[in-house]
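So the sequence lines, in the order shown, correspond to chains A and B. To convert, note that position 3 of the first sequence is 3 in the working numbering; the numbers rise steadily by one, no gaps. To convert, note that position 156 of the second sequence is 156 in the working numbering; the numbers rise steadily by one, no gaps.
Be aware that one or more of the hints could be misleading.
[Unchecked claim] Among chain A residues calculated to face chain B with C-beta under 7 angstroms, some are:
| hint | residue |
| --- | --- |
| 1 | 66 |
| 2 | 101 |
| 3 | 178 |
| 4 | 212 |
| 5 | 223 |
| 6 | 255 |
| 7 | 267 |
[What the hints assert, rightly or not] Now the stretches of chain B that chain A is said to cover, found in silico as 3 or more residues with beta-carbon under 8 angstroms:
| hint | stretch |
| --- | --- |
| 8 | 57-70 |
| 9 | 163-176 |
These aren't lab readings, by the way, just hints derived from the structure by calculation. No residue lacks a Cβ here, since even glycine has one placed at the ideal position from N, Cα and C.
Number of protein chains: 2
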Amino acid sequence: MEIPVAFCLLLFLCAMSKTKRPLILVTNDDGIFAKGIRSLVEVMTELGEVVVVAPDKPQSGMGHAVTINGILRLNPVHLMDGVKAISCSGTPVDCVKLAIYKVLHRKPDLLVSGINHGANSSINVIYSGTMSAALEGAVEGIPSAGFSYLDHASDGDFETSKNVARIIAKNILTNSLAEGVCLNVNIPKCVSKDLQGIKICRQAKAFWKDDFDHRKDPGGKDYYWLTGEFQNSDKGEDTDEFALENNYVSVVPVHYDLTAYHALPQLQQWEFAL
Amino acid sequence: MEIPVAFCLLLFLCAMSKTKRPLILVTNDDGIFAKGIRSLVEVMTELGEVVVVAPDKPQSGMGHAVTINGILRLNPVHLMDGVKAISCSGTPVDCVKLAIYKVLHRKPDLLVSGINHGANSSINVIYSGTMSAALEGAVEGIPSAGFSYLDHASDGDFETSKNVARIIAKNILTNSLAEGVCLNVNIPKCVSKDLQGIKICRQAKAFWKDDFDHRKDPGGKDYYWLTGEFQNSDKGEDTDEFALENNYVSVVPVHYDLTAYHALPQLQQWEFAL
Numbered sequence: 001m002e003i004p005v006a007f008c009l010l011l012f013l014c015a016m017s018k019t020k021r022p023l024i025l026v027t028n029d030d031g032i033f034a035k036g037i038r039s040l041v042e043v044m045t046e047l048g049e050v051v052v053v054a055p056d057k058p059q060s061g062m063g064h065a066v067t068i069n070g071i072l073r074l075n076p077v078h079l080m081d082g083v084k085a086i087s088c089s090g091t092p093v094d095c096v097k098l099a100i101y102k103v104l105h106r107k108p109d110l111l112v113s114g115i116n117h118g119a120n121s122s123i124n125v126i127y128s129g130t131m132s133a134a135l136e137g138a139v140e141g142i143p144s145a146g147f148s149y150l151d152h153a154s155d156g157d158f159e160t161s162k163n164v165a166r167i168i169a170k171n172i173l174t175n176s177l178a179e180g181v182c183l184n185v186n187i188p189k190c191v192s193k194d195l196q197g198i199k200i201c202r203q204a205k206a207f208w209k210d211d212f213d214h215r216k217d218p219g220g221k222d223y224y225w226l227t228g229e230f231q232n233s234d235k236g237e238d239t240d241e242f243a244l245e246n247n248y249v250s251v252v253p254v255h256y257d258l259t260a261y262h263a264l265p266q267l268q269q270w271e272f273a274l
Numbered sequence: 001m002e003i004p005v006a007f008c009l010l011l012f013l014c015a016m017s018k019t020k021r022p023l024i025l026v027t028n029d030d031g032i033f034a035k036g037i038r039s040l041v042e043v044m045t046e047l048g049e050v051v052v053v054a055p056d057k058p059q060s061g062m063g064h065a066v067t068i069n070g071i072l073r074l075n076p077v078h079l080m081d082g083v084k085a086i087s088c089s090g091t092p093v094d095c096v097k098l099a100i101y102k103v104l105h106r107k108p109d110l111l112v113s114g115i116n117h118g119a120n121s122s123i124n125v126i127y128s129g130t131m132s133a134a135l136e137g138a139v140e141g142i143p144s145a146g147f148s149y150l151d152h153a154s155d156g157d158f159e160t161s162k163n164v165a166r167i168i169a170k171n172i173l174t175n176s177l178a179e180g181v182c183l184n185v186n187i188p189k190c191v192s193k194d195l196q197g198i199k200i201c202r203q204a205k206a207f208w209k210d211d212f213d214h215r216k217d218p219g220g221k222d223y224y225w226l227t228g229e230f231q232n233s234d235k236g237e238d239t240d241e242f243a244l245e246n247n248y249v250s251v252v253p254v255h256y257d258l259t260a261y262h263a264l265p266q267l268q269q270w271e272f273a274l
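Only chain A is shown next, with the shape it has when bound in the complex:
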């Protein structure tokens, strides 16, 4: 019996694609030695080949900042055996750009960011370095997700979050994501048996009522620390805040088209004589 060459080639390609493990880029904003990123790396090594490029120091609240007026450095570090890990002097978004163009020299099959020590739900998505790294992945066309655990403790228990990250990452690798979309995943702080499930949500209209702690330095000069109180007046049961309050993991699809389409008709009525 004669077997066509094309069929043999197809069989070979199928076998190759099944044995080739996905390339997974891991980053965060708490710094490369945070417990959260180590937890995420541990899970991702089960699913693929892992490369870590993450900030050499805490970069929380850096939003989508990029370093354009300064230089960037990369330094290999040891995080765990068998995992290539590089610390970067820049922001989380810098890490993603350098990882793609100077470390991997290609786009990874998956980008995961976190696990953040603390929430990045609702309005926090715009301030969050963790989520900005994931969003930069989406800009680059990489299936991406940011994970955040609602506990600021540096030695928090990430076991439940690891399980959630595994489930979400498997889903992304299997089902992919719509073009230009990444996921904002927040995990409530509760014991594993109390976790109610995983909910797909929209971003709640919740905000920070800012304040500043006004102090004097030893020389008598004024300085300020940002403080604030989180306020949620959005009672929608389809929101991330509602999910988290009810012990669900919240998953919000996030994109970078900031156009407020609903506002276009009003603006079309304006008078613009130059």
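Add chain B to chain A, keeping to what the hints say.
Below, chain B alone, put in the same frame as chain A:
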């Protein structure tokens, strides 16, 4: 003839509201001594009482970064006679927060950011400190706009941009903006007579093809400068990039709800067994 007290009070309040000038907060990301912000302040003094709180150094590309792991300073500076001006050690978003809570002690009637030296159209909106300041205004419920002129020169000619800023600011003060929406205004570099008009647009799907300039320091160690090439494959005639290429001012309404609503149905199909 007897005139009711309530009617007299109404007349008084009407007279007061007509004479009271709007309070306008001006900020930017190029720093408080940039030519662009001076140009914006000159125009805004025609429209209201102006207070400036802006970075003490260039903060381009800082996106929505906030200072949460460091202190902030405010220092009065002289910008022009009759205008209260304060430099801030933080990011553009820090400037907005400090201005509201520690300088003005109330929300201004209008927030304008810029005039930026260089474009903030399409994807640049997420990296831009100029636009993040405006977006923070929207988060705070303040009618806000960011202005950017497509010329990086520090001594650029801002006369056309000033005229555009005047028209847009008057429109905002007259018509207000939808809740949670600010404007991303970009002004093409062309002589005034060639300017075709002002167009309401959506954000184009245009991106940076990043690259890095890899160098060695005097000690032989590697470092990197972010570079890149702007690429626009979105040919939509309703985009900001199309408007600018055709010598129109582009105005994109921008909001902070990053939910990718169109991606929700796909995600609802995923398997999430914990």
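Hints versus structure:
1. Taking 7 angstroms as the C-beta cut-off, the interface hint given for residue 66(A) holds, the closest approach to chain B being about 5 angstroms.
2. The criterion of a C-beta within 7 angstroms of any C-beta in chain B is met by residue 101(A), whose closest approach is roughly 6 angstroms, and the hint holds.
3. Interface hint status for residue 178(A): upheld, as the beta-carbon distance to the closest one in chain B is roughly 5 angstroms, under 7 angstroms.
4. The interface hint given for residue 212(A) is met, as the beta carbon of that residue sits about 6 angstroms from the closest beta carbon of chain B, less than 7 angstroms.
5. This hint holds: residue 223(A) has a C-beta 4 angstroms from the nearest C-beta of chain B, less than the 7 angstroms allowed.
6. For the restraint placing residue 255(A) at the interface with chain B, the shortest Cβ-Cβ distance is roughly 4 angstroms, inside the 7 angstroms limit, so the hint holds.
7. Hint on residue 267(A) holds. Least Cβ distance to chain B is approximately 5 angstroms, under the 7 angstroms limit.
8. Figure legend: the stretch 57-70 of chain B, annotated as covered by chain A; annotation consistent (11 residues with Cβ-Cβ distances under 8 angstroms, at least 3 required).
9. With 5 residues bearing a CB less than 8 angstroms from a CB of chain A, the stretch 163-176 of chain B meets the requirement of three and the coverage assertion stands.
The structure fails none of the hints (numbered hints given earlier).
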